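Chain by chain, the residues run as shown.
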Amino acid sequence: MTDLLTLQGLTKAYPGVVANDDVSFSIGRGEVHALLGENGAGKSTLVKMIYGLVKPDTGTMILNGTPYTPAEPRAARAAGVAMVFQHFSLFEALTVAENVGLGMENPPKPTQLSREIREVSHAYGLPLDPRRMVGDLSAGERQRVEIVRCLLQDPKLLIMDEPTSVLTPQEVEILFATLNKLKAEGTSILYISHKLEEIRALCDGATILRRGKVVGSCNPRERSASELAELMVGQALHRPERSRSAPGKVVLQVAGLTSEHVEEFGTRLQNVGFEVRAGEILGIGGVAGNGQDELLSALSGETLGSSETVRFQGNAVGHLGPNARRALGMLSAPEERLGHAAAPDMTLVENAVLSGWHRRKLAEGGFVRWGKAKDFAEEIIADFDVRTPGPFVAARALSGGNLQKFVIGREVLQDPSVLVVNQPTWGVDAAAAASIRQALLDLAAQGAAVIVISQDLDEILEVSDRFAALNAGKLSAPRSTEGLTMEQIGLMLGGAHDMDVADTDEAEDIRETYEEGRL
Amino acid sequence: MDLSSINWLLLLASLMVAATPILLAGIGELVTERAGVLNLGVEGMMITGAICGFAVATQTGSATLGYLAAALGGAAMSMLFGFLTQFLLSNQVATGLALTLFGLGFSALIGQSFVGVQGIRVEDLNLGPLADIPVLGPVLFQHDAMVYISLLLVAGVWLFLTRTRGGLILRAVGENHDAAHALGYKVVRIRLMAIAFGGACAGLGGAYLSLVRVPQWTQGMTAGAGWIALALVVFASWRPWRVLIGAYLFGGLTVLQLNLQAAGLKVPVEYLAMSPYLITIFVLVIISGRSRASIGAPATLGQSFHATT
Numbered sequence: 000m001t002d003l004l005t006l007q008g009l010t011k012a013y014p015g016v017v018a019n020d021d022v023s024f025s026i027g028r029g030e031v032h033a034l035l036g037e038n039g040a041g042k043s044t045l046v047k048m049i050y051g052l053v054k055p056d057t058g059t060m061i062l063n064g065t066p067y068t069p070a071e072p073r074a075a076r077a078a079g080v081a082m083v084f085q086h087f088s089l090f091e092a093l094t095v096a097e098n099v100g101l102g103m104e105n106p107p108k109p110t111q112l113s114r115e116i117r118e119v120s121h122a123y124g125l126p127l128d129p130r131r132m133v134g135d136l137s138a139g140e141r142q143r144v145e146i147v148r149c150l151l152q153d154p155k156l157l158i159m160d161e162p163t164s165v166l167t168p169q170e171v172e173i174l175f176a177t178l179n180k181l182k183a184e185g186t187s188i189l190y191i192s193h194k195l196e197e198i199r200a201l202c203d204g205a206t207i208l209r210r211g212k213v214v215g216s217c218n219p220r221e222r223s224a225s226e227l228a229e230l231m232v233g234q235a236l237h238r239p240e241r242s243r244s245a246p247g248k249v250v251l252q253v254a255g256l257t258s259e260h261v262e263e264f265g266t267r268l269q270n271v272g273f274e275v276r277a278g279e280i281l282g283i284g285g286v287a288g289n290g291q292d293e294l295l296s297a298l299s300g301e302t303l304g305s306s307e308t309v310r311f312q313g314n315a316v317g318h319l320g321p322n323a324r325r326a327l328g329m330l331s332a333p334e335e336r337l338g339h340a341a342a343p344d345m346t347l348v349e350n351a352v353l354s355g356w357h358r359r360k361l362a363e364g365g366f367v368r369w370g371k372a373k374d375f376a377e378e379i380i381a382d383f384d385v386r387t388p389g390p391f392v393a394a395r396a397l398s399g400g401n402l403q404k405f406v407i408g409r410e411v412l413q414d415p416s417v418l419v420v421n422q423p424t425w426g427v428d429a430a431a432a433a434s435i436r437q438a439l440l441d442l443a444a445q446g447a448a449v450i451v452i453s454q455d456l457d458e459i460l461e462v463s464d465r466f467a468a469l470n471a472g473k474l475s476a477p478r479s480t481e482g483l484t485m486e487q488i489g490l491m492l493g494g495a496h497d498m499d500v501a502d503t504d505e506a507e508d509i510r511e512t513y514e515e516g517r518l
Numbered sequence: 000m001d002l003s004s005i006n007w008l009l010l011l012a013s014l015m016v017a018a019t020p021i022l023l024a025g026i027g028e029l030v031t032e033r034a035g036v037l038n039l040g041v042e043g044m045m046i047t048g049a050i051c052g053f054a055v056a057t058q059t060g061s062a063t064l065g066y067l068a069a070a071l072g073g074a075a076m077s078m079l080f081g082f083l084t085q086f087l088l089s090n091q092v093a094t095g096l097a098l099t100l101f102g103l104g105f106s107a108l109i110g111q112s113f114v115g116v117q118g119i120r121v122e123d124l125n126l127g128p129l130a131d132i133p134v135l136g137p138v139l140f141q142h143d144a145m146v147y148i149s150l151l152l153v154a155g156v157w158l159f160l161t162r163t164r165g166g167l168i169l170r171a172v173g174e175n176h177d178a179a180h181a182l183g184y185k186v187v188r189i190r191l192m193a194i195a196f197g198g199a200c201a202g203l204g205g206a207y208l209s210l211v212r213v214p215q216w217t218q219g220m221t222a223g224a225g226w227i228a229l230a231l232v233v234f235a236s237w238r239p240w241r242v243l244i245g246a247y248l249f250g251g252l253t254v255l256q257l258n259l260q261a262a263g264l265k266v267p268v269e270y271l272a273m274s275p276y277l278i279t280i281f282v283l284v285i286i287s288g289r290s291r292a293s294i295g296a297p298a299t300l301g302q303s304f305h306a307t308t
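So the protein lines, in turn, are chains A and B. The numbering of the first sequence is numbering that gives the first Met the number 0, which starts it at 0 and goes up by one. The numbering of the second sequence is numbering that gives the first Met the number 0, which starts it at 0 and goes up by one.
Because the hints were derived from the structure by calculation, they are not lab data. Quick caveat: nothing in here was measured; it's all calculated off a predicted structure. Be aware that a few hints might be false.
EDC-like, lysine to aspartate or glutamate: derived pairs with alpha carbons at most 20 angstroms apart [said to hold, decoys possible]:
1) A:Lys194 to A:Asp457
2) A:Lys54 to A:Asp20
3) A:Lys182 to A:Asp153
4) A:Lys194 to A:Asp160
5) B:Lys185 to A:Glu71
6) A:Lys373 to A:Glu335
7) B:Lys185 to A:Asp20
8) A:Lys155 to A:Glu226
9) A:Lys54 to B:Glu122
Stretch-level coverage of chain A by chain B, calculated; a stretch enters the list once three of its residues show a Cβ under 8 angstroms from a Cβ in chain B [claimed, not checked]:
10) 69-80
11) 93-102
Every residue gets a Cβ at the ideal spot worked out from N, C-alpha and C, and that includes glycine.
When you get a sec, could you build the whole thing from the sequences and use the hints?
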């Protein structure tokens with residue numbers, strides 16, 4: 000059997016960096032092939048070349064035995080290559096059917112398209128209502144829109160870029176069932192992920208990229224996850240260490256937290272309540288968009304509530320703004336490094352002042368003390384191994400992992416009694432993620448109460464003492480992470496949303512019409 | 000004040016004429032904004048259209064050629080904006096304001112020799128028996144062709160945006176340019192076309208002022224009509240038919256203001272001149288509590304797009 004797609008010597012250089020250097024591998028028919036690598040290893044550039052978004056500098060691609068040089072995504076789609084994007088390429092204010100239609104070359108008439116969407120989505124166990132607005136869908140449902148959009152074009156090769164990062168464990172299972180069904184029908188799948196267990200469960204072959212080069216290929220089923228990780232990183236990974244100790248007294252109490260205003264497509268918090276003790280890490284899991292941002296801003300003081308909803312060391316602080324809470328020792332590091340946690344065009348020193356001016360006394364009498372500010376920034380850079388040419392570099396110029404280390408370090412070094420972090424290692428490579436997690440564990444060991452909001456369940460299990468799930472704005476009762484299984488976590492997260500509709504009357508109707516149409 | 004001195008029939012008839020310039024400019028700006036581009040240079044493009052249209056029409060004696068020149072002039076001005084914002088990624092708000100100032104100055108320069116020149120006469124469209132219907136005839140069916148073209152334009156834009164694939168792509172670009180790019184749509188090209196359409200429509204609106212409404216050229220004759228058109232798009236919450244309603248409402252206020260002035264109203268007419276903006280602010284306050292989708296503002300309105308790959 001010949002291979003479906005063969006890549007030979009693909010090279011793509013950007014000013015200052017070679018994103019892909021002489022990359023060669025091939026994908027067989029009906030094979031699920033994994034592309035493994037750290038952030039910045041060149042995975043995204045590579046798939047963009049296959050999908051026609053980026054032109055390779057040198058190298059050739061052969062699809063189905065003929066040379067393949069897609070000039071644009073249209074050409075790639077016409078050749079039978081479809082892609083599900085990491086960050087959804089969807090339009091929130093348009094309907095499901097309109098979104099699907101936009102991704103097709105020659106979409107049928109709207110009524111026909113809606114019918115096809117229903118048929119295909121049910122046939123693959125991914126039910127969708129074509130009339131709904133995408134902005135109102137959950138992350139899992141949005142991904143279904145993307146997948147259905149691809150499936151309607153009957154692809155030979157389906158590229159999936161980090162498809163499971165936003166799904167609950169049950170939704171992942173459904174996705175895998177769909178992918179296995181596609182594979183059985185002969186569709187090849189190029190699967191990009193850094194979740195090694197998933198790759199071991201799903202993929203037939205794997206190619207490992209490091210700094211733009213192919214450093215190895217293997218059958219992931221025959222390797223252990225740690226072997227794969229070492230291939231990816233190129234060195235043995237340091238696992239964060241922690242010691243479980245008896246937690247101290249309650250530092251932070253949250254009760255009856257309900258959001259009054261939410262942004263467009265945001266989630267309203269509903270009667271959220273929990274306690275965190277000194278020296279303890281509470282992990283709050285859940286797919287992003289279920290109230291994480293709202294919870295962080297309620298805890299940081301960006302959104303104010305009635306004073307009794309948040310109590311810090313027994314005092315009601317729910318009505319206090321971020322600066323007042325910082326002064327007391329309640330610190331936070333939001334997600335979204337560029338724009339929320341840091342001002343992108345300001346230097347690291349200026350960013351350090353913005354958050355630490357009060358607790359580190361970087362401003363007095365209305366004047367900024369730049370000398371002390373620079374010392375503070377340099378302290379963060381040294382303690383957290385932030386790779387930067389110097390403290391006077393714009394935040395935007397740092398890589399994601401380095402800026403994240405800076406953002407977390409800036410709060411940790413202010414000696415907080417409570418630290419709230421949201422998605423602390425989102426988009427950060429494994430080595431930097433490990434050091435950020437270690438810093439959080441160390442902070443808790445020194446007696447601070449830490450809340451880690453994350454959608455990376457492995458991360459939460461690794462660092463936290465107790466786990467609570469945030470789903471549709473509601474927080475489950477926290478449970479000890481000792482002995483907690485992934486399945487239990489999945490159920491706490493609300494499991495899969497309306498997944499079992501395959502046997503409803505509507506589905507039956509659709510199946511009947513579909514079969515009649517074929518007779 | 001003597002309200003009986005106002006001829007209400009004439010007032011209604013002149014309403015459609017008064018509304019046409021802002022309707023044309025507004026529907027063009029609506030398309031531009033639905034593609035995600037905020038062009039605040041409507042006033043500058045309108046006045047450029049006014050002088051281009053007036054100059055060509057008086058030289059050739061043809062209103063059609065005048066309108067054509069106005070559309071081209073407005074589109075050319077908008078392409079200046081398009082080049083700066085889409086290729087050089089300049090800030091859209093600042094560039095749009097600059098375009099307005101530039102247009103006002105530039106039109107005054109080329110219009111120097113046309114001050115005081117007698118404008119051409121644009122004939123009303125002969126709609127036969129329709130025009131003879133009592134009351135309705137004079138109000139609806141005794142106007143020049145551009146009044147009806149502007150109505151067709153609104154219908155056309157509505158059809159395009161809601162019923163065609165091209166319209167869907169245009170809305171998609173305005174909604175999320177990164178996603179549209181990832182799907183292989185040419186964001187910059189689509190936006191440039193939308194900007195050009197907006198410029199051409201603004202030019203037509205300006206020419207309608209200098210050819211029909213006033214018929215002569217005076218410096219700065221658009222007198223804020225471009226700003227009313229911009230307010231109109233927001234008032235209409237980015238929906239074509241509401242632009243029509245808004246234009247006739249705002250146009251009606253302008254006509255009423257003139258008539259009240261003639262009737263010797265004691266209240267300063269400036270209040271009526273302010274009213275389109277006050278109404279727009281009022282509408283904004285009312286809809287601000289609602290979600291963005293129901294307001295209808297395109298999500299990437301005013302944001303620069305730069306392909307990162």
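Hints versus structure:
Using a Cα cut-off of 20 angstroms, the hinted pair lysine 194 of chain A and aspartate 457 of chain A holds, with the two alpha carbons roughly 10 angstroms apart. Between lysine 54 of chain A and aspartate 20 of chain A, the direct Cα distance comes to roughly 14 angstroms. Compliance with the 20 angstroms bound is thereby established for this hinted pair. Using a Cα cut-off of 20 angstroms, the hinted pair lysine 182 of chain A and aspartate 153 of chain A holds, with the two alpha carbons roughly 12 angstroms apart. A C-alpha spacing of about 12 angstroms is found between lysine 194 of chain A and aspartate 160 of chain A, which places the hinted pair at or below 20 angstroms, so the restraint holds.
A hinted pair counts as satisfied when its Cα atoms are at most 20 angstroms apart, and lysine 185 of chain B with glutamate 71 of chain A qualifies at roughly 10 angstroms. Straight-line distance between C-alpha atoms of lysine 373 of chain A and glutamate 335 of chain A comes to about 24 angstroms, which puts the hinted pair past the 20 angstroms bound. The hinted pair formed by lysine 185 of chain B and aspartate 20 of chain A fails the criterion: a straight-line CA distance of about 28 angstroms is larger than 20 angstroms. Our distance criterion of 20 angstroms between C-alpha atoms is broken by lysine 155 of chain A and glutamate 226 of chain A, whose separation comes to about 31 angstroms.
Among the hinted pairs, lysine 54 of chain A with glutamate 122 of chain B is inconsistent with the structure: their alpha-carbon atoms are about 57 angstroms apart, more than 20 angstroms. Only residues whose beta carbon comes within less than 8 angstroms of a beta carbon in chain B count, and the segment 69-80 of chain A has 4; three or more means the coverage holds. With a cut-off of 8 angstroms between beta carbons, the segment 93-102 of chain A has 5 residues touching chain B; three or more are needed, and the interface restraint holds.
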